[in-house]
Amino acid sequence: MRAHDMLSLILLTTTVVGCSMGEPRAHGPHTFTYDCSGLGKGFGDCDEKAAAQCGKQGYDVVSRTGDSVNNEMKRTMVVSCR
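Here the working numbering = 1-based position in the sequence shown + 20.
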């Protein structure tokens, strides 16, 4: 394996691990998934995260899901930055 290929693999692995540790997951160049689950939280928390991520260009909501699991509300919002 060439050094360039190895560096690309390391960077890709680091990115995947970082996304699985609570960071927004990227689906495309400008599409992200936010988790706003938990007691006392709501989709407004996801909106704040999306606004901070996308900046003044804004974003479009692709989907919002909410399910009650073991008396805890699980919420996920997918957005696409403009």
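There could be a bad hint or two in this list.
FRET-style restraints, in silico, Cβ to Cβ [as the list claims (entries may be wrong)]:
| hint | residue 1 | residue 2 | range |
| --- | --- | --- | --- |
| 1 | Leu-59 | Arg-84 | 29 to 37 angstroms |
| 2 | Ala-71 | Met-93 | 31 to 39 angstroms |
| 3 | His-50 | Asn-90 | 27 to 35 angstroms |
| 4 | Lys-94 | Ala-71 | 18 to 26 angstroms |
| 5 | Thr-85 | His-50 | 34 to 42 angstroms |
| 6 | Asn-90 | Glu-68 | 32 to 40 angstroms |
| 7 | Pro-49 | Asn-90 | 29 to 37 angstroms |
Don't read these hints as lab results, they were simulated from the structure. Owing to the predicted nature of the structure, the values given are computational and were not obtained by experimental measurement. Using N, Cα and C, we set each Cβ at its ideal position, and we do this for glycine too.
*Violated constraints from the hint list, given by number and in increasing order*: 1, 2, 5 and 6
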